[in-house]
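Each chain, written out:
Protein chains: 2
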Amino acid sequence: MSPPNLRIEPLPGYSATIGRLVGMLSYARQTLLAAVAGLTTAQLDHLQDEASNSIGALLAHSAAVERVYQCLTFEERPPSDAESAAWAAALELGDKGRALLREQPLEHYVEELTTVRRHTLAELARRDDTWLEQPMKIAPNMNAHWAWFHVGEDEINHRGQIRWLRARLR
Amino acid sequence: MSPPNLRIEPLPGYSATIGRLVGMLSYARQTLLAAVAGLTTAQLDHLQDEASNSIGALLAHSAAVERVYQCLTFEERPPSDAESAAWAAALELGDKGRALLREQPLEHYVEELTTVRRHTLAELARRDDTWLEQPMKIAPNMNAHWAWFHVGEDEINHRGQIRWLRARLR
Numbered sequence: 027m028s029p030p031n032l033r034i035e036p037l038p039g040y041s042a043t044i045g046r047l048v049g050m051l052s053y054a055r056q057t058l059l060a061a062v063a064g065l066t067t068a069q070l071d072h073l074q075d076e077a078s079n080s081i082g083a084l085l086a087h088s089a090a091v092e093r094v095y096q097c098l099t100f101e102e103r104p105p106s107d108a109e110s111a112a113w114a115a116a117l118e119l120g121d122k123g124r125a126l127l128r129e130q131p132l133e134h135y136v137e138e139l140t141t142v143r144r145h146t147l148a149e150l151a152r153r154d155d156t157w158l159e160q161p162m163k164i165a166p167n168m169n170a171h172w173a174w175f176h177v178g179e180d181e182i183n184h185r186g187q188i189r190w191l192r193a194r195l196r
Numbered sequence: 027m028s029p030p031n032l033r034i035e036p037l038p039g040y041s042a043t044i045g046r047l048v049g050m051l052s053y054a055r056q057t058l059l060a061a062v063a064g065l066t067t068a069q070l071d072h073l074q075d076e077a078s079n080s081i082g083a084l085l086a087h088s089a090a091v092e093r094v095y096q097c098l099t100f101e102e103r104p105p106s107d108a109e110s111a112a113w114a115a116a117l118e119l120g121d122k123g124r125a126l127l128r129e130q131p132l133e134h135y136v137e138e139l140t141t142v143r144r145h146t147l148a149e150l151a152r153r154d155d156t157w158l159e160q161p162m163k164i165a166p167n168m169n170a171h172w173a174w175f176h177v178g179e180d181e182i183n184h185r186g187q188i189r190w191l192r193a194r195l196r
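Just so you know, the sequences run in chain order W and L.
FYI, the numbering used here numbers position 32 of the first sequence as 58, with every residue one higher than the one before it.
FYI, the numbering used here numbers position 165 of the second sequence as 191, with every residue one higher than the one before it.
Worth flagging that the hints you see were computed from the coordinates, not collected in a lab.
Heads up, a few of these hints could be off.
If several chains are the same, the list does not tell them apart, and a pair holds so long as it fits within one copy or across any two.
[Claimed, not checked] SDA-like, lysine to any residue: derived pairs with alpha carbons at most 25 angstroms apart:
#	residue 1	residue 2
1	K122	Q56
2	K163	L37
3	K122	A111
4	K163	N31
5	K163	D71
6	K122	L132
7	K163	A42
8	K122	M168
9	K163	R124
10	K163	R153
11	K163	A68
12	K163	S78
13	K163	A60
14	K122	N31
15	K163	E137
16	K122	M162
Okay, chain W solo, but in the shape it has when bound:
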């Protein structure tokens, strides 16, 4: 087995800084999927306590956060009312998430994450580093580089919680 590639560097198909960012997002995603590999539906639905989010809900959350930042950065608009309603349980988690994000196998969450990510990578491949770092029109205190760093950062934050929760599953 070849040693893992532990490098952040420009990647073919992306402008230089976008490529480095994609390397970070991909590493984060790889470790997220490793953290949930092999979990059953019951394990994905398990609630550690009454205030806890399930691992499945946290996976749905990561996909929904990514969809929001696709709207903001690629389409330069906030999510529509219909999108906000469709993503609310995954974005807000809590009671709504516990009620609605259940009874799905791992493949359901992984497919959603993968579909969303495919669109992100295609859109990033079409853009350049100037786009990445200029102030965003709909949020001038933010640039797309921060936005996509934040998508990865939120995913890693919840991966930490997922690892903690997984270690306590029966």
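For chain W, the structure is supplied; the task is to place chain L on it using the hints.
Same frame as chain W, but now just chain L:
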């Protein structure tokens, strides 16, 4: 109050790619400190269950991980035996961490994090983007860009756990 700066971009005093990385590390650190603000020693020592790490131990862990990557990337050597022994409880956590990383106020952990970070930033300011992305001599499958991304990534992972644990403190 001015809106928060949500941009990743080159920073004065650093080469361009190092500056972007420093922006990410600084954002991660800012959110880590916000996650623990105001905690008492008893809260920092609290163990959620018998397998749990305390919040204080997780803070000590972040500082120790950063020290290891300082050795690897700035000094191009693994930690010495004396360093490994001194940092073992914080690096390994678990039983050793629960036994030894206790009874310190928040200021103790914040001062350690701040001291370690000051050295990181000074060393990064002395280097350039070529250094950042070339293969590391002591680990050719790794570059310093990944190493420092990983320091931030590990910190964010544990920040997720800290937020989870803090929400359950009395």
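Legend entry - Intra- versus inter-copy proximity for R153 and K163 (alpha-carbon distance at most 25 angstroms): within (16 angstroms within a copy, 34 angstroms between copies)
Inset, instruction - Check K163 against R124 for me: Cα-Cα at most 25 angstroms, and say if that holds within a copy, between copies, both or neither. - result: neither (35 angstroms within a copy, 48 angstroms between copies)
Legend entry - Status of M168 relative to K122 across identical chains (alpha carbons, at most 25 angstroms): neither (29 angstroms within a copy, 42 angstroms between copies)
Legend entry - Within, between, both or neither: K163, D71 at alpha-carbon 25 angstroms: neither (39 angstroms within a copy, 45 angstroms between copies)
Inset, instruction - Pop the pair K163 and S78 into one bin, within, between, both or neither, using alpha-carbon distances up to 25 angstroms. - result: neither (36 angstroms within a copy, 44 angstroms between copies)
Legend entry - Status of L37 relative to K163 across identical chains (alpha carbons, at most 25 angstroms): between (27 angstroms within a copy, 22 angstroms between copies)
Inset, instruction - Since the copies are identical, ignore which copy is meant and state whether K163 and E137 lie within 25 angstroms (CA to CA) inside a copy, between copies, both or neither. - result: neither (31 angstroms within a copy, 39 angstroms between copies)
Legend entry - Up to 25 angstroms CA-CA - N31 versus K163, copy category: between (36 angstroms within a copy, 15 angstroms between copies)
Legend entry - Alpha-carbon proximity between K122 and Q56, which holds within one copy, between copies, both or neither at 25 angstroms: neither (28 angstroms within a copy, 29 angstroms between copies)
Legend entry - Alpha-carbon proximity context of K122 and M162, limit 25 angstroms: Neither, since 31 angstroms and 47 angstroms both go past 25 angstroms.
Legend entry - Status of A42 relative to K163 across identical chains (alpha carbons, at most 25 angstroms): For K163 and A42, the Cα distance is within 25 angstroms both inside one copy (23 angstroms) and across copies (23 angstroms).
Inset, instruction - With 25 angstroms as the alpha-carbon cut-off, assign the pair K122 and N31 to within, between, both or neither. - result: Neither: 39 angstroms inside a copy, 31 angstroms across copies.
Violation of the numbered hints given earlier is confined to hints 1, 5, 8, 9, 11, 12, 13, 14, 15 and 16; the remaining hints are satisfied by the structure.
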